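Given only the sequences and the hints, what does the whole structure look like? Please build it.
Chains as they are written, first to last, in the numbering used here: chain G, 46 to 258; chain W, 2 to 79.
Just so you know, these hints were derived from the structure itself, not from any lab. Misleading hints may appear alongside valid ones.
[As the list claims (entries may be wrong)] Examples of chain W residues lying across from chain G (beta carbon under 7 Å, computed):
(1) Met2
(2) Thr3
(3) His36
(4) Thr40
(5) Thr47
(6) Ile56
(7) Tyr57
(8) Lys76
[Claimed, not checked] Per the computed footprint, the stretches of chain G lying under chain W, defined by three or more beta-carbons under 8 Å from a beta-carbon of chain W, are:
(9) 125-135
(10) 228-235
[Claimed, not checked] Straight-line distance between alpha carbons at most 25 Å, and here's what the computed SDA-like set of lysine to any residue pairs gives:
(11) Lys227(G) - Ala70(W)
(12) Lys111(G) - Cys4(W)
(13) Lys82(G) - Met72(W)
(14) Lys46(W) - Met139(G)
(15) Lys115(G) - Glu65(W)
(16) Lys76(W) - Lys192(G)
(17) Lys192(G) - His54(W)
(18) Lys227(G) - Glu6(W)
(19) Lys189(G) - Met72(W)
(20) Lys189(G) - Leu41(W)
(21) Lys227(G) - Arg22(W)
(22) Lys248(G) - Tyr51(W)
(23) Lys82(G) - Ala70(W)
(24) Lys82(G) - Ile50(W)
(25) Lys46(W) - Leu110(G)
(26) Lys189(G) - Ala61(W)
(27) Lys111(G) - Leu31(W)
(28) Lys227(G) - Ala61(W)
(29) Lys77(W) - Ser242(G)
(30) Lys192(G) - Glu114(G)
(31) Lys227(G) - Met23(W)
(32) Lys246(G) - Arg45(W)
(33) Lys115(G) - Leu31(W)
(34) Lys189(G) - Arg22(W)
(35) Lys73(W) - Arg140(G)
(36) Lys227(G) - Glu65(W)
(37) Lys246(G) - Leu31(W)
(38) Lys227(G) - Ser62(W)
(39) Lys46(W) - Ser211(G)
(40) Lys111(G) - Asn42(W)
Bear in mind the structure is a predicted one, so any value in this text is a computation, not a measurement. Every residue, glycine too, gets a C-beta built ideally from N, C-alpha and C.
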Amino acid sequence: MATIQSIAGENEPHPDVALVERVRGGDVSAFDTLVRKYERQVFRIAQHITQNREDAEDVMQDAFLKAYEKLDQFQGNSKFYTWLVRIAVNESLMRLRRRRTGKMVSIDEDVETDEGSVPRDLADWAPDPEQNYTQAELGEILEKTIKGLPLGFKLVFELRDRQGMSTEETAKALNLSIPAVKSRLLRARLQLRERLSRYFKRKPASAAVGAEK
Amino acid sequence: MTCSEFLAMLDDLIDDEVTTRMRADLEDHLHGCEHCEVTLNTTRKTIQIYRSHEIYEMPASLRERLHTAIMKRCKKGC
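If you want it as structure tokens, here you go:
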């Protein structure tokens, strides 16, 4: 997952360039390859923003169809995936705005929050703390934890840390400045750490026995 | 180096974007500061846990359905 942007070296053309060229030449099967390559990532971005499964499905379809329609406008000065993310983010925000009429949703407002900016929970974690939970429990904890983050924070974290995008490409995809991406990433990491600490910190010996039931 | 100065460099340290000199200063601080050591280790662990577990995974059946719908529309010329 972390290798999407780093497969090709700096001087080699990204493999998507050839696929995009084939689509432009009328080869729909090349677009099929692009959809399969990125559908899961696009779906996750749509889920982060809309927080709604049905909306995320619609956004995913709409984003790919829009990309197909507008492929002529893709300049190639960013990576295809970066351009696709930008479309998916816009589609997701539009859908969210339609649902929550009157409520503005934005990823570039600087969220006034001190949460996590100074680490408060400084207890060390148990070794391999995730092993105290089943896969399903862990999935629930991770989703619940990231869900509460401000939108800009979770998108920067998703693109930089989960999908392995560079700071520059993340800035392009989200239409943020590089310092804005950096500050959101630090705060996202620290807030997630703080929240996960509740589940993963080393329990005092007596509490650990009690927790085993 | 103070804890706030350490924290300001935390991401660069995690992402391995620090100079040798800066790394030495950061490591120097870590030796004497248990709090920053815990913050660094647990932040690294946070990233690692999120990287290695799927969230918002699309079920295979849904992927196929959406994929088919997209390709059908594309073939028609959208």
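Hint check:
Given hint, Met2(W) at the interface with chain G, is violated; its Cβ is 16 Å from that chain's nearest Cβ, farther than 7 Å. The criterion of a C-beta within 7 Å of any C-beta in chain G is not met by Thr3(W), whose closest approach is roughly 12 Å, and the hint is violated. A cut of 7 Å between beta carbons decides the hint on His36(W): the least distance to chain G is about 5 Å, and the hint holds. The interface hint given for Thr40(W) is met, as the beta carbon of that residue sits about 5 Å from the closest beta carbon of chain G, less than 7 Å.
At its closest, the beta carbon of Thr47(W) sits 4 Å from a beta carbon of chain G; the interface hint therefore holds under the 7 Å criterion. Using the Cβ-Cβ criterion of 7 Å, the hint placing Ile56(W) at the interface with chain G is satisfied: the shortest such distance is roughly 5 Å. The beta carbon of Tyr57(W) is positioned within 7 Å of a beta carbon in chain G (closest approach about 4 Å), and the interface hint is therefore held. Using the Cβ-Cβ criterion of 7 Å, the hint placing Lys76(W) at the interface with chain G is satisfied: the shortest such distance is roughly 6 Å.
With a cut-off of 8 Å between beta carbons, the segment 125-135 of chain G has 0 residues touching chain W; three or more are needed, and the interface restraint is violated. Chain W is given as covering the segment 228-235 of chain G, and this holds because 4 residues of the stretch bring a CB closer than 8 Å to a CB of that chain, at least three being needed. Simply put, Lys227(G) and Ala70(W) have alpha-carbon atoms about 37 Å apart, too far for the 25 Å limit, and the pair is violated. Of the pairs offered as hints, the one joining Lys111(G) and Cys4(W) is violated, with about 47 Å between alpha carbons and a cut-off of 25 Å exceeded.
Distance restraint check for Lys82(G) and Met72(W): the Cα-Cα separation of roughly 14 Å lies within the 25 Å cut-off, and the hinted pair is therefore satisfied. For the hint pairing Lys46(W) with Met139(G), the CA-to-CA distance comes to about 34 Å; that exceeds 25 Å, so the pair is violated. A distance of roughly 23 Å separates the Cα atoms of Lys115(G) and Glu65(W); the hinted pair therefore holds under the 25 Å criterion. For the given pair, Lys76(W) sits about 36 Å from Lys192(G) by alpha-carbon distance, which is inconsistent with the 25 Å threshold.
About 15 Å separates the Cα atoms of Lys192(G) and His54(W), which keeps this hinted pair within 25 Å; it holds. Distance check on the hinted pair: Lys227(G) and Glu6(W) sit about 16 Å apart at the alpha-carbon level, within 25 Å; holds. For the hint linking Lys189(G) to Met72(W), the alpha-carbon distance of about 33 Å lies beyond 25 Å, and the restraint is violated. Taking the CA atoms of Lys189(G) and Leu41(W), the gap is about 23 Å. The hint holds against a cut of 25 Å.
The straight-line distance between the Cα atoms of Lys227(G) and Arg22(W) is roughly 22 Å, inside the 25 Å bound, and the hint therefore holds. Between Lys248(G) and Tyr51(W) the alpha-carbon distance is near 22 Å, which keeps this suggested pair within the 25 Å criterion. Restraint check for Lys82(G) and Ala70(W): the C-alpha separation of about 16 Å stays at or below 25 Å, so the hint holds. A C-alpha spacing of about 23 Å is found between Lys82(G) and Ile50(W), which places the hinted pair at or below 25 Å, so the restraint holds.
Using a Cα cut-off of 25 Å, the hinted pair Lys46(W) and Leu110(G) is violated, with the two alpha carbons roughly 37 Å apart. For the hint pairing Lys189(G) with Ala61(W), the CA-to-CA distance comes to about 23 Å; that is within 25 Å, so the pair holds. For a cut-off of 25 Å, the pair hint linking Lys111(G) to Leu31(W) is broken: about 49 Å separates their Cα positions. At roughly 34 Å between alpha-carbon atoms, Lys227(G) and Ala61(W) are farther apart than 25 Å, so this suggested pair is violated.
Proximity of Lys77(W) to Ser242(G) is assessed by CA-CA distance (about 51 Å); at most 25 Å being required, the pair is judged violated. Note on Lys192(G) and Glu114(G): the hinted pairing is violated, with a Cα-Cα distance of about 32 Å set against a maximum of 25 Å. The hinted pair formed by Lys227(G) and Met23(W) meets the criterion: a straight-line CA distance of about 18 Å does not exceed 25 Å. Between Lys246(G) and Arg45(W) the CA atoms are separated by roughly 14 Å; this keeps the pair inside 25 Å, and the hint holds.
Taking the CA atoms of Lys115(G) and Leu31(W), the gap is about 51 Å. The hint is violated against a cut of 25 Å. This hinted pair does not check out: Lys189(G) and Arg22(W) have alpha carbons roughly 39 Å apart, beyond 25 Å. Taking the CA atoms of Lys73(W) and Arg140(G), the gap is about 23 Å. The hint holds against a cut of 25 Å. At roughly 36 Å between alpha-carbon atoms, Lys227(G) and Glu65(W) are farther apart than 25 Å, so this suggested pair is violated.
Under the criterion of a C-alpha separation no larger than 25 Å, the hint pairing Lys246(G) with Leu31(W) is consistent with the structure, at around 20 Å. Taken as a hint, the Lys227(G) and Ser62(W) pair is broken in the structure, with Cα atoms around 37 Å apart against an allowance of 25 Å. A hinted pair counts as satisfied when its Cα atoms are at most 25 Å apart, and Lys46(W) with Ser211(G) qualifies at roughly 20 Å. Of the supplied pair hints, the one linking Lys111(G) and Asn42(W) is violated, its CA atoms being roughly 42 Å apart against a limit of 25 Å.
The structure shown violates the earlier hints numbered 1, 2, 9, 11, 12, 14, 16, 19, 25, 27, 28, 29, 30, 33, 34, 36, 38 and 40.
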